[in-house]
Every structure is written in C-alpha cells, then in structure tokens.
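Q: These protein sequence lines map, in sequence, to chains A and B.
Per the working numbering, the very first residue in the first sequence carries number -8; after that it's consecutive.
Per the working numbering, the very first residue in the second sequence carries number 10; after that it's consecutive.
Keep in mind the hints are simulated off the structure, nothing from the lab.
Please read these numbers as outputs of a predicted model, since none were measured by experiment.
Don't be surprised by glycine CBs; every beta carbon is placed ideally from N, CA and C.
Possibly wrong hints are sitting among the right ones.
[What the hints assert, rightly or not] With the Cβ distance kept under 8 Å, some of the chain A side facing chain B (calculated, not the full set):
(1) Gly21
(2) Val25
(3) Leu40
(4) Leu43
(5) Leu46
(6) Leu62
(7) Leu63
(8) Phe64
(9) Ala68
Each chain is listed here by its residues.
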Amino acid sequence: MLTNDNTVTRSIRLLIAVVGGYLFTDGFIGLIGVSLPYLGWAQSEALNLAILLGLLAYVIIMIWAISTVRLLFTTVAIFASSAAMIYGAPLLVQA
Amino acid sequence: MAKLISKQFRESLTWFHTWLGIGLAAVLFAVFWTGTLTVFDKEIDQWMKPELRIAQPGPVSLDQLVLPKLSEFDPARESEFWMSAPRDRIPAIRVLYEDQDGESHEAMLDPRSGEVLDLTDSHAGSDFFFRFHFMLHMPGIIGYIVVGLAAVGMMALVVSGIFIHRKIIQEFFTFRPQKSRRRSSLDFHNLTAVIALPFHFLLPLSGLFIFASIYFPWSLGLPYDGNARGLNAETSGYEYLAVPAAGQPGPPVERIDALVSTADGIWLAEEGKRSSRADWIGIFNYGDKNSYVIVERYYPDNRVSIGPDQFSFDPTTQEITNRFSPEPVHAAMNWLEGLHWVQFDHWPLRWLYFFAGLSGCAMIGSGMVFWMQARIKKGTEDSVSVRVVRAMSVGAITGIIIASLGFFIGNRLIPKEIDITGVHRHDLEIWVFFLFWALSCVHAALRGREAWKEQNMAIMVLAVVTVVLNWVTTGHHPVAAVSESLWVVLIMDVMILAGGIVAWWVALKMRDASPGTAALRPVIDSPNRSPN
C-alpha cells in the first residue's frame, strides 16, 4: 500500500473511483455521442462507440484513482474533466 | 524510480483487489451462478415444465397452425402479434400478443396439433434464473444498479488481478494441491481466472453494454431530448419500418409461410448455405387496413451477433416494402451483445460457456477461501471480520446452489393445479428458492467452520432428491428418457447428480483436513508472490 495510506484514504480512493468514474463515463459518453455526428457519423453509431469506449474509460479511471501517488491532483483531474464534459456535451447537441 | 512506482502501483492494486473482491464476491457469485444456469435456460424450462418435453418436430406451417387461431387469441386492434416456429432448443411454437385489455400474453403451441399447451406455471430458467442474473429479483432498477456496479468492479478486478500477478503465465501452470490450503486455493484462483480470462472481462463489458440505457440515462438521452430509449428505438428497426395504422379495419393476414420463404431465400442468396433463417414473425397494426408483417432474424443460428435484420411485407400483395440491416459499429455491438446472449446454435460452444461460467464461480469461491486461509495463517481466524466473511461465503456459494436445488424440488412438489387466492404458483417456487437460501445463510452463521462441509453434503442429498422427484413425478427416468429421446431431461439429471458428487467429494476433502492443520503446516512463500 502507499506508505501514508490509511482506511480513510482508501475509502476516499474507492469513492472517487466509483463516483468519479461514473461521472467521467457519463460525461464521456455524452460528449462523444454528440460530437461524432459532426464528423458525419449516424447518431446511433456515435453513441454505440461512445458506450464501448466509455465503459473501458471507467475501468481506467478506477485503476488510476486507486493507484495514484498524487491523490489530490487525480481527484481534481477526474472531477474537473467530468464537469467539463457534462457541461459541454449539451451545448453540442444538434437541433 | 520506475521500479519504486511499479511496486507502489502493484501494492495499491493488491489492496484494491482484495477488498473489492471480498466486498463484491457474494453478488458476483450470484450473478455468475445464475448466468451459468441461464446458458441452459431453455433446457431448464423443459425440465421444469414437463409439457414442453416434446421430441423435436420437423418444419411446421404457421399458416395452418397459428393463423386460423388468431381470432381465438383475440389480440387488441392495432397491436403487435409475434410468433416463432419451433427451434432447436424450444420445441414448441411461441406466440406473443396483447389482448383487448392491454395485457401481454405468451402462449406455447403444440407443434403437432397447434393446440395451446397447458404449461406448469413456473418462471423456470428463462424467466427466473435469467432475470435474477441481471436484476437479482429486486424491485425496480435497484438490482440492475447493484449488478452494474458489480460488473464494473469485475472488470477492474480482472485488470488489477493481471497487474498483481506479474508472472501470470508461470502461475497459470502452477497448481499445488498438496501444499497448504492457502497456497492451493491461490493457485486454483489464478488457474480458474486465467483459463477464461477474456471471458471474465468481456462478459461484464457486454452485459453493461446491453443495459447501457439504464446505467447512463443522461448521456444516452442527450441526443434524443432526454429519452434514453431513443438509441434502442433507432437501432432496432421497428421505428424505421413503422407504418401508422389507418384506423379502419382491414382483411386478416392469411399467409405467413410464403413471406418467411422469401426472406430466407434472400438471406440464402446473400450469405450462402450457412446463412441464418428467420426466427420471429410479427404482424403489426393487427386487424387494421395498414397491417404489415415483419420477418426478422434476431437470434441467428449460425452467427454470434444478435439483433434485428428485418424485412417488412405488405400482407395483401406479399411484396417486400422495406428492409432494415444494422450499420457497421452497430453490427460490431450486436456481436458484443450476441457474445453475451449465447443464442447461436452451437452445442460445443454452449458447453464451453457453461464451463467458463463455472470457472468464474470457482475463481470467486477460491478467492474467498484464500482470503480466509490468509487470515487463519495470520492467526486472526476468530476475528469478527473473518467469521462474517466465512458465513457470507458459505451463504453466497453453497447457499445459492442449495437454493437452486430447492427451486427444482419446489417445482416438482408443488401441485400443478394448486389454487391459493392471490398467489401465483410460480411465486411459490421462488419463495421456496429464497427459503432454502435463507436457511443456508442461518446455518452458515451458526455452524462456523463446519458449515462448508455440512452444506456440501446437503447439496449431494438435495441433488439426489431433485433427480428422483423428476423420475417419480414425470416418469422420465433414464430408461424412459432414452427411449423417448428426451436427451435434455437425461442430461440435466446427470449434471445435477454430477454436481452433487463433486460437492460430496469436496465435503470429504474438508473432513480429511481436520480443523486447524492448514494453519500449522509450514508454508514456503516468496514475498513477491503473495497478494496479501
């Protein structure tokens, strides 16, 4: 384990992994799902690809949150990027 | 420096793997176990609904057997009416419709006479085990969410497991049953994990994909004004092929067989002899002037992919009016979904799925045993956490197996005609399932270390009871099963007995290893290799 890790830190890591991972994935799917149609993709095709990549991203985010040595940086990075995608994706929805 | 980071990385994942594994083990085992049984859900249906034990019929004519009965079913005007000819694993004609009161029905028709079969009211494999696999028999979407989180956890466990065990190939060929129980349970955990590694990763992934609209309603609804089902509607073809009802009565549909031949002929021309045939035929806008027929292949025999490939027909002119085939990424996703649904006709592969599922069960079980043995070695066997995890493991592993056997026993003992006001027969069976499970959990909590052994013995006894009850209540003992070609019944009996024998063997092994000896044996350990 990381030298200064205790039960509280581990719980925080797990929480960030699950909740942060979910928000990141949801934002990611939304962003990719509405962006790819600008490149000529059919809507359903864009979303299907987004789900697949999003689920893989979830696992990567989880592993990152668990193993990072810079917990604060990782936490900010995950939540900030999730927020950006969740805020940005609706702006890109085509009328 | 790089080495230091990699060591830290591995150690943090070790902690994660251990505790997430213990936390999710019970749910994952339940999902793996019911998923494994669902591989043979249609066969379990035949076992639990003996009226379905019909020898495989030849080709049947839906024109003669189903269409004349349409008025008997009395489907609602402008509703959908679905039918499916007998298939390899379902020897009856299936009919799905909505009646005048808006209630949905499923009927099974005898492929010889077209009569509606009076089936035993049971949720059996394709309704109970199947649904339990993804919603745990919980209300609303709670079960979906629990299973979804467990599935993401499972993928993370597989990835972290690979990082922890750096010498994974070497460990795969390592099994030391004569070593301490701790050592051999870890070897077994590694063996069962690696032997089906792609399976253990792809199945949770494809499972999450199937229910993506439940798990990610916000992002999937984004392009569809918040309707998360929009994607399903767009990719299923029904919306694409839809024709609005005219609101005026029209002539009944009289010919289906010819439309099926037309569709099959086109697929044959496109794909050659190994092409898959139509499986579902739907009449849309039933009874309306604008009624139309969709002939689709959803669960193709000869491909992994599932998903609609459809022709719509004008039933009066018999002409094809439209066609829907999936687009490239969607086709790839259909392959991923098909990988999970296991609907193709390929018996060896089906058995491989079954054994891969069992290897998943064994992986989870041996992981829990290893955790406990490691605590025993540390001398913390009597701590509360060890006792709780032990009771949980027994309840989760042997408990659900006992519950499943209880479900079969309840199915054979509850009379077919039982009539209790307000209670469905199929619910009684499910109550028996949960009753057996609850009893196992109580027993596990009370009996401590002895519970493993005793419940394994109980599995053997219940397995024999289950099989004998089948022989007594249906008369399909092995001789009858062989002479009537009821292979499904015979093989299911044999598998239940084989499972019982394995459980008995495990129980004997546990009796041999008298309590505490595992902890006293010398353990040769290299510090790098132990995940704890």
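Q: At a threshold of 8 Å, is the proposed contact between Leu46 (chain A) and chain B supported by beta-carbon distances?
A: Hint holds; Leu46 (chain A) Cβ to chain B Cβ min 5 Å, cut 8 Å.
Q: Once the shortest beta carbon distance from Leu43 (chain A) to chain B is found, is it less than 8 Å?
A: Hint holds; Leu43 (chain A) Cβ to chain B Cβ min 7 Å, cut 8 Å.
Q: Hint Ala68 (chain A) vs chain B: min CB-CB distance below 8 Å?
A: violated, 17 Å
Q: The hint names Leu62 (chain A) as touching chain B; please verify it with the least Cβ-Cβ distance against 8 Å.
A: Hint violated; Leu62 (chain A) Cβ to chain B Cβ min 11 Å, cut 8 Å.
Q: Is the interface hint for Leu40 (chain A) satisfied, with its Cβ closer than 8 Å to some Cβ of chain B?
A: Since the shortest Cβ distance to chain B is 5 Å, the answer is holds.
Q: Do the numbers back the hint for Val25 (chain A), that is, is its least Cβ distance to chain B under 8 Å?
A: holds, 6 Å
Q: Does the interface hint hold: is Phe64 (chain A) within less than 8 Å of chain B, judged Cβ to Cβ?
A: violated, 15 Å
Q: Minimum Cβ distance from Leu63 (chain A) to chain B below 8 Å?
A: violated, 16 Å
Q: Closer than 8 Å between Cβ atoms is the bar; does Gly21 (chain A) clear it against chain B? Give me holds or violated.
A: holds, 3 Å
The structure is inconsistent with the numbered hints 6, 7, 8 and 9, although it conforms to all the rest.
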